[in-house]
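Colleague: The lines below spell out each chain.
2 protein chains.
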Amino acid sequence: IWLCNVPFFTVPLARAHGKSFAHRSDLRQAKRILVKLGSAVVTRGDECGLALGRLASIVEQVAMLQNQGREMMIVTSGAVAFGKQRLRHEILLSQSVRQALHSGQNQLKDMSLPVLEARACAAAGQSGLMALYEAMFTQYSTCTAQILVTNLDFHDDQKRRNLNSTLHELLRMNIVPIINTNDAVVPPPEPNSDLQGVNVISIKDNDSLAARLAVEMRADLLIALSDVEGLYDSPPGSDDAKLLDTFYPGDQHSITYGTKSRVGIGGMEAKVKAALWALQGGTSVVIANGTHPKVTGHVITDIVEGKKVGTFFSEVKPAGPTVEQQTEMARSAGRTLASLEPEQRSEIICALADLLTERKDEILSANKKDMEHAVSRLSPAMLKRLSLSSSKLNSLSIGLRQIAVSSQDSVGRVLRRTRVANNLELEQITVPIGVLLVIFESRPDCLPQVSALAIASGNALLLKGGKEAANTNRILHELAQEALSIHGVKDAIQLVSTREEVEDLCRLEKMIDLIIPRGSSQLVRDIQRAAKGIPVLGHSEGICHVYVDHEASVDKAIKIIRDSKCDYPAACNAMETLLVHRELLRTPLFDQIIDMLRTEHVKIHAGPKFASYLTFSPSEVKSLRTEYGDLECCIEVVDSMTEAVDHIHKYGSSHTDVIVTENEDTAEQFLQQLDSACVFWNASSRFADGYRFGLGAEVGISTARIHARGPVGLDGLLTTKWVLRGEGHTAADFSEQGSMTYLHENLPVMTRNFA
Amino acid sequence: IWLCNVPFFTVPLARAHGKSFAHRSDLRQAKRILVKLGSAVVTRGDECGLALGRLASIVEQVAMLQNQGREMMIVTSGAVAFGKQRLRHEILLSQSVRQALHSGQNQLKDMSLPVLEARACAAAGQSGLMALYEAMFTQYSTCTAQILVTNLDFHDDQKRRNLNSTLHELLRMNIVPIINTNDAVVPPPEPNSDLQGVNVISIKDNDSLAARLAVEMRADLLIALSDVEGLYDSPPGSDDAKLLDTFYPGDQHSITYGTKSRVGIGGMEAKVKAALWALQGGTSVVIANGTHPKVTGHVITDIVEGKKVGTFFSEVKPAGPTVEQQTEMARSAGRTLASLEPEQRSEIICALADLLTERKDEILSANKKDMEHAVSRLSPAMLKRLSLSSSKLNSLSIGLRQIAVSSQDSVGRVLRRTRVANNLELEQITVPIGVLLVIFESRPDCLPQVSALAIASGNALLLKGGKEAANTNRILHELAQEALSIHGVKDAIQLVSTREEVEDLCRLEKMIDLIIPRGSSQLVRDIQRAAKGIPVLGHSEGICHVYVDHEASVDKAIKIIRDSKCDYPAACNAMETLLVHRELLRTPLFDQIIDMLRTEHVKIHAGPKFASYLTFSPSEVKSLRTEYGDLECCIEVVDSMTEAVDHIHKYGSSHTDVIVTENEDTAEQFLQQLDSACVFWNASSRFADGYRFGLGAEVGISTARIHARGPVGLDGLLTTKWVLRGEGHTAADFSEQGSMTYLHENLPVMTRNFA
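Those sequence lines, one after another, are chains B and E.
Heads up: take any position in the first sequence, counting from 1, add 10, and you land on the working numbering.
Heads up: take any position in the second sequence, counting from 1, add 10, and you land on the working numbering.
Take these hints with a grain of salt, some might be off.
Each pair may be met inside one copy or between any two copies, as identical chains are not told apart.
[Unchecked claim] Quick list of in silico lysine-lysine cross-link-like pairs, DSSO-like style, CA-CA up to 27 Å:
#: 1; residue 1: K660; residue 2: K252
#: 2; residue 1: K477; residue 2: K379
#: 3; residue 1: K731; residue 2: K477
#: 4; residue 1: K520; residue 2: K632
#: 5; residue 1: K542; residue 2: K520
#: 6; residue 1: K613; residue 2: K660
#: 7; residue 1: K632; residue 2: K252
#: 8; residue 1: K619; residue 2: K252
#: 9; residue 1: K317; residue 2: K542
#: 10; residue 1: K252; residue 2: K542
#: 11; residue 1: K317; residue 2: K477
#: 12; residue 1: K632; residue 2: K327
#: 13; residue 1: K394; residue 2: K542
#: 14; residue 1: K613; residue 2: K542
#: 15; residue 1: K378; residue 2: K394
#: 16; residue 1: K41; residue 2: K394
#: 17; residue 1: K520; residue 2: K660
If you are wondering where the hints come from, they were derived from the structure by calculation, not from laboratory data.
Make the full structure from the sequences, and use the hints.
Modeller: Structure (structure tokens):
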């Protein structure tokens, strides 16, 4: 109240630069950043003791950003807490120096504490706190300066100008100002009394001090760290509480604040008011957790990199729904999709197939736009994957019709029926998995294909395509939604904005049931790392082997090796290692293999055993676990089929492995013993593919050992549920005193109609 | 060489206390601990900048251990590196103070650096390093002392005694000594020249200094932190390199050292020699990574808690194999098990069933031992779960025979056959998953049951039981191995030592394919958290609902609600929330339900809508997502079946949900729309159980949405592989220029024989 009338605190003056950022990703451009550290961040310990490690990490991040050329400022709390600890220690020491030094015990801990006055603590703690900051920043050759302010400094215009000019001078000299309230001389703050007006803000607490300074200094970004994750729409801990990723000033009415707050003076409501005030003044704000061990290392740099940490305050409300809203819309429409008749899902897919040819011109013109933009940026191979043509669309359309046919018998198929007891019947039936997230690079033809598989299996689908195909993906997605509209399930397939970070999507643990990355091994590995709690379907490596037995046919061996290696060397099902039975060395077959590989320009690397057999060997492999993905392969010698199996188990990736032999016994043993997802006899490794397997299409090839394995088509997008129909049956009916007994009689099920 | 002859450095003298620990878990008892920080740990930066956060975290951990009453010492490196940075900065500043201060740019970074002398750097860095340690330790009220030593200090007996007594005095006063070599006055170390003799050690580098001091000070534990994970059996990075968890002096010949080392003077070989020397002197040693961000927070406390971090040096080689060796043995024997005929697997299970009754006395006497030990420690409910009886063993045996029967048709079943082209045939067949890890608490009857399921499905099995059932588990496991021996696959089932930490097992990512926790929700949650990269089968919550429709039959509703809640309230398939159609309020049915629940002593909590309908309502629920696991439940009112479905989707755990109604349409819609693993009509939720479903037995109930769902029996322990048999077919044969076309003709498969 006592500050309300000072004109300085009204908004118009502060709103001078007014350039807060609209999107998180824009935060990368923030040049001047103010980091506000709540006292929980500076002094409260986590599981491992005190807050020192956390503070050091924050200093690291601030110094790093400073070294990138940004202008960093810190508003710190914690002096009182620091001082408490120090004074306690000093008083006890002066009381009993001798006992403490000679006891050999931690008696200090047990001694009762004198009552300490907060302002004295602040005075005592301030120097220790600054010494710590200085010792830490010195390690980064970063200089710090201490600034203590009281609210009176803001009343006086002269003082305010001095402060302003001091701070600017410090920033200009690459010095990090560390600002705190001068608690030793100001009265202890009263809670919350003057935060009634939105346009007026006091500097009673460090939240408002930080907001005030950020606007005054025209900071681009204010990062307010405390021990809460951010802003929730209801009191955290209640059933429906959701952390808000982005908060818009207009949304304020949708927030319910808790009655009590865990975060010092003012609590969350005061934090939000301070944040909104700073936002109105043109400074972007993120409120985030600076204490949780998991984010300790990187919370500040993560925010500056645009990652979804805490709550971002933005004045610009985006037109479309958020990705969380998209996911909810997709799940809801997906449930309707799953409850449609199979014929209806089939109709939707056929409609999409029609649209692909009917609206060819629109698609190709969008694709042309992407191609024009990409031509100078992408490699020729990538460009080829990006481009669509009339004939590609035709064959896509044909493929979709095949999926439409197989969709007739997917959802709701009865796999097992059991008469558990009289009038108690159990069915296990296929159901969709739920919400799929497919992340794909470049290839826009992936979009209708995956959409068709999702529709056929009754799954909701989130699609995240690459920026390079944005225009093509947009029109293809529109067509998919147009087809879905036939049966009122338009929202079941959603295209996620290219602004969204893959890593953020991978954290939507409770919203997404399965992630399917379609792209490079690196993409898959990145996603496997990022996706904690959501299963990822796919494989990160394809180290495929062809083993040529001593009883192999020359013709077949040559044909299969050539095809496995050369048909498409970058494919995951291409051969990487050729295993040759020892008896074949120095035979004409072996020479023919080498000749063929030379003719095809395949670079050969020798495994250690192979190298030891040769006088002049090719370069020895660095690792037998290499995926070359190019016209290169490793050759290694084995003594027997069993040794080949052992080699593959040890160095392979359980993707696809081949034996070439005329001996059926050897072949069957190989097929039986080998653990890989695909095991072939006298056939090229290149057959490991959903289309070639006759699955219609695939969402990918899985090397996982649970759920779907190998090429994954429609079946891999289904799970099951158990349906039990009774007449009031209870478990107690079957107890020793009960009247019923289990029958467990298997009942016939309709098997698939393989006409 | 120049120190070899000093008698002080021979082992006998140092070996005075000789009490190194045999097992990692013993490290918890370590009272005096020396932590050696390599220069990489102190100064080398990770992805987020410099090493400050890491160092602060180490200080935190040391201070915490010190506060626990342990005596902590630090041997630190890093003075040279610190000094380099400082001198560089100083020189540049003195060269160009003005430009640097007024440029506003980070020009310092770009300026060329003068060459700095290492000893000058050490002198300049030492004070900064100590200041940093002191500033950090001060935050924990922990006092530090600086000790600089040269190797000459160890030559002179007087000096040595002084050093020794100084260190002891410091420890007595709860001061952490921080020790470094006095690099400013000693010649720079020469690499490795005097480490030829094992019994002699120099203090040229900090590894040997630390070892020397640890033994001299009779430390219980020396933790040597650098930037390597520990000791590998081959040079790290090579195909076969494995991190050694424990290293025994006799194993030294099995190590291949790399030619080059990344870790400063001496490298790994010198580290190992220093460690072995300390071990001979009676100090336990752990070499671990102190730089990797992931372990930064806790590497020291993790080691002291006995966790598997880095390489532990032990003189006592345990009798049995390590868990890694057990896993390898299990996988190998498991592959043989999977290749047996179904009848053979069935024989093994029957043999185990026989042994359970034949060797009843042995089993019961082992169980008696466990019971006697547990009687004062466990609750009556837990004791009941631990105890075995003759009749329990009989029914176990009967259950096993049922599994034996169903095992006939598990592994190698053909699920799909396709004629891809002429003479190119594809089969999808069932195969075991691989190596299962089952973690179970208390219940020893779990062991034979799970073993039988693993044998039936051809999987290798690691069993980790609770300490309280150690004797019973041991004899049951012996019997399982005896049965497996019939067909030479004894090792396929391994019992993991009770010493092993569950968390360590969950990290064997490349060795274990599936983890199945059987125990409390807390156990499941802990394992889900710990198991990164290994799928976990199970559920952590069972929030099951019964929805009573307005067209429900009174009798059925009462029976089903009573059974669902009261039959076994602690079970995961017990009802937690009762949803009642609004029209039922104030009807006789509703009163009867309430009366029944009161008679059964079920405590009722009201959902918000239910509470709003009542004048005097029971206590309102805190959360609609509560699993009471006791004679308690929540009652909530819904307006329709659809609202019930929405409520369950929002607050349920997708485990088991029930509708009670006489209206078949309503029921079928509920069964169709609801997403849960088990959906029941007019039957108790308690039927969600593998045995009751007729699956023979279950390994658990899964609420996952991929792979197995609901009660998981034999089928959930199987995956598939694809077998393709050709005659030299290549993908190129099917190209536009090729001679072949895809047929994709579905061939009949033998379906299960449901006689």
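Colleague: Take the hints in turn and mark each one as holding or not.
Modeller: Results of checking the hints against the structure:
1. With identical chains, the CA atoms of K660 and K252 are at most 27 Å apart between copies only, with a shortest distance of 13 Å across copies and 46 Å within one.
2. In the homo-oligomer, the alpha carbons of K477 and K379 lie at most 27 Å apart inside one protomer (12 Å), although the nearest pairing across protomers, at 67 Å, exceeds that limit.
3. For the identical chains of this complex, K731 and K477 are neighbours neither inside a copy (38 Å) nor across copies (36 Å), given an alpha-carbon limit of 27 Å.
4. Proximity of K520 to K632 under the C-alpha cut-off of 27 Å is restricted to the inter-copy arrangement: shortest distance 21 Å between copies versus 42 Å within a copy.
5. Proximity of K542 to K520 under the C-alpha cut-off of 27 Å is found in both arrangements, the shortest distances being 11 Å within a copy and 17 Å between copies.
6. Within a single copy, K613 and K660 get their C-alpha atoms as close as 23 Å, which meets the 27 Å cut-off; across copies the closest is 57 Å, which misses it.
7. For a Cα distance limit of 27 Å, the shortest separation of K632 from K252 across copies, 17 Å, qualifies, whereas the shortest one inside one copy, 50 Å, does not.
8. For a Cα distance limit of 27 Å, the shortest separation of K619 from K252 across copies, 21 Å, qualifies, whereas the shortest one inside one copy, 59 Å, does not.
9. In this homomeric assembly, K317 and K542 come within 27 Å of each other (Cα to Cα) both inside a single copy, at 16 Å, and across copies, at 23 Å.
10. In the homo-oligomer, the alpha carbons of K252 and K542 lie at most 27 Å apart both inside one protomer (19 Å) and across protomers (26 Å), since each shortest distance falls under that limit.
11. Taking the closest pair of Cα atoms, K317 and K477 come within 27 Å of each other only inside a single copy of the chain (18 Å); across copies the shortest separation is 45 Å, beyond that limit.
12. Proximity of K632 to K327 under the C-alpha cut-off of 27 Å is found in neither arrangement, the shortest distances being 53 Å within a copy and 34 Å between copies.
13. Taking identical chains as interchangeable, the C-alpha atoms of K394 and K542 are never at most 27 Å apart, the minima being 34 Å within one chain and 37 Å between chains.
14. Taking the shortest Cα distances, K613 and K542 never come within 27 Å of each other, neither inside one copy (39 Å) nor across copies (37 Å).
15. For the homomeric pair K378 and K394, the shortest alpha-carbon distance inside one copy (12 Å) is at most 27 Å, but the shortest distance between copies (72 Å) is not.
16. In this homomeric assembly, K41 and K394 never come within 27 Å of each other (Cα to Cα): the closest approach is 39 Å inside a single copy and 66 Å across copies.
17. Proximity of K520 to K660 under the C-alpha cut-off of 27 Å is restricted to the inter-copy arrangement: shortest distance 11 Å between copies versus 36 Å within a copy.
In summary, the structure is inconsistent with hints 3, 12, 13, 14, 16 from the numbered list given earlier, while agreeing with the others.
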